[in-house]
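Asks: First to last, the sequence lines map onto chains A and B.
Numbers 1 to 294, taken from the working numbering, label the letters of the first sequence in order.
Numbers 1 to 283, taken from the working numbering, label the letters of the second sequence in order.
The set of hints was computed from the structure by calculation and includes no laboratory data.
There may be inaccurate statements among the hints.
[To be verified] Cβ pair distances, simulated, as ranges:
hint, chain 1, residue 1, chain 2, residue 2, range
1, A, Met21, B, Glu171, 21 to 29 Å
2, B, Asp54, A, Arg288, 36 to 44 Å
3, B, Thr105, A, Ile185, 29 to 37 Å
Each residue gets a CB set at the ideal place from its N, CA and C atoms; glycine is no exception.
Residue-level listing of the chains:
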Amino acid sequence: MEAVSKITAKNLRNRTIKDNMVKVLVITLSVITISPIVLIIYKLVAKGIKQISFDFLIKTPPDTFEAMTALSNGELIPGGIANGITGTLLMVALAAVIAIPVGVITGIYLYENPGKFLANLTRNVSDILQGVPSIVLGLIAYMWVVKNITNGFSALAGSVSLAIMMLPMIVRSTEETLKMIPQTIKEAALALGVPYYKVIIRVLIPTSFSGLLTGILLGISRVLGETAPLMLTALGSTIINLDITKPTSAVPLLIWEFYNDPNMVDLIWSSSLLLMAMVLALNLISKRIAAQTK
Amino acid sequence: MNSDKITKGVLLLSSFIILLVAGGMIYSLVQGSVPAFKNFGFKFIYSNIWNPTDGKENYGALPFIAGTIVTSIAALLISLPLSFSASLFLGEYYRGTKMAKVLGTMVDLLAGIPSIVYGLWGFYVLRPVLISFGLPNQGFGVFTASLILAIMIIPYATSLSNEIISMVPNELKEAAYSLGATKSEVIFNVVVPTARSGIIAGYILSFGRALGETMAVTMLIGNANIIPNSFFSTGNTMASVIANQFGEAEGLKLSSLIAIGLLLFLITGIINAIGKFIIKKMS
């Protein structure tokens with residue numbers, strides 16, 4: 001605190017100058033910090049928007065040769081990414097079906113038994129699970145599902161890797177949300193002799209519903225753009241596939257394929273734009289719900 | 001009552017599922033990497049040979065461990081001034097204002113961008129810029145990957161340190177102001193020392209995040225199975241080598257990749273546990 005102790009006119013001026021310099025530096029660096037998001041969105045829109053059409057949503061991608069012909073004629077690449085969109089929706093929905101019940105119930109368990117050894121253990125393990133890199137989850141789903149259950153790359157394997165990713169997020173958000181509702185509401189229900197499971201279904205879940213929904217939507221938006229685990233599990237498919245035991249495409253997988261094919265590379269921007277739009281829309285919706293309940 | 005017992009049983013069961021998943025993960029990773037460790041022993045960890053030629057197969061993880069740690073540390077150092085400034089902007093200078101809200105939303109948006117999109121942007125936008133500055137290897141390498149990783153961890157580092165900075169009691173700051181301290185003096189003499197361990201924990205957790213990033217790094221690091229010998233050299237990380245080589249892998253190679261996955265799991269687990277422990281001790 002040396003600097004604070006003595007105030008003379010001269011060092012006051014120096015200190016004010018220094019203070020202003022720090023402020024300018026902070027503002028400058030903050031602006032640099034957010035510049036990538038502007039640049040990235042600009043690039044996606046500038047290069048991707050021309051390709052977005054109704055066809056883009058309902059057709060499957062062309063083969064390399066068709067794309068090459070279109071390119072050499074100076075036309076837009078025909079077709080779309082319908083197989084990716086349906087695959088992403090299928091796998092994310094299945095992952096949600098797996099992760100939501102387990103996650104919410106575990107969250108309730110943690111909230112109901114705060115000090116217990118098993119609860120603390122579960123909380124810590126869940127925290128560690130949250131930090132596991134997604135590619136490792138891909139390896140796990142490969143060993144568990146691809147090798148042992150579906151005997152080949154499959155949508156189910158992709159869903160399992162995404163579900164393990166979502167699980168800790170849902171556990172965490174459920175517990176945090178429940179902590180915010182007043183104990184008295186639960187006690188009132190219990191005092192009336194309502195069975196425990198009804199207290200959970202009729203009191204705990206409804207009062208914390210919007211919080212739970214926010215957590216779930218954020219979890220979904222986090223896994224929506226995952227590529228690495230799906231490369232090891234769902235592999236990809238050129239056709240629309242709704243069979244969960246078969247290889248399936250996804251929007252991020254298609255982006256990866258387009259990126260690796262010089263003829264199709266123009267499609268990466270429109271696909272990324274669509275993927276970003278999906279992620280951001282989910283983010284905004286969940287933020288809106290969270291803001292309304294506060 | 002009977003139904004209460006069943007309910008409690010179901011709650012208990014679902015928490016067992018989490019423990020089971022985590023235990024099963026460790027079990028499967030260990031089991032999958034047994035052939036690799038049996039063949040190469042502990043040399044697997046410190047050998048720098050990666051040779052998939054049939055009959056002469058020899059795998060070591062050192063290049064990838066080195067690549068992972070170098071890129072992640074570099075990313076942390078690059079993102080530090082940026083994310084720390086942003087958290088001061090949000091938590092001190094413009095706390096609660098509209099400007100903070102706009103900046104905060106934009107930082108949050110960074111977290112919503114999928115890894116593969118960062119990779120595309122790095123490949124098509126950032127790389128040409130770096131090449132024009134004279135970066136070797138077509139702009140691929142540790143530096144490019146670190147730069148993208150730095151942007152990717154900014155939202156985590158910013159929101160974590162902003163949270164910690166906001167927790168510093170107002171009385172402490174007001175005491176300093178009443179003694180005539182300027183804003184920057186309050187920040188560096190009161191806020192930062194008070195929040196130090198929390199801020200450090202936040203950066204440890206961000207570091208943990210950088211360790212496991214896959215797609216963007218895979219697209220930018222150059223995918224050379226060597227220990228990076230300079231900041232601008234190409235390399236490979238543990239995550240990127242799994243993504244790259246998995247497609248054609250079986251037998252010993254697959255086992256080696258799983259072993260790398262196990263090591264990555266352990267490293268990120270330890271780093272995260274340290275970060276979480278510090279934060280828990282604070283609150």
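Asks: Any of the earlier hints contradicted here, and which numbers?
Replies: 2
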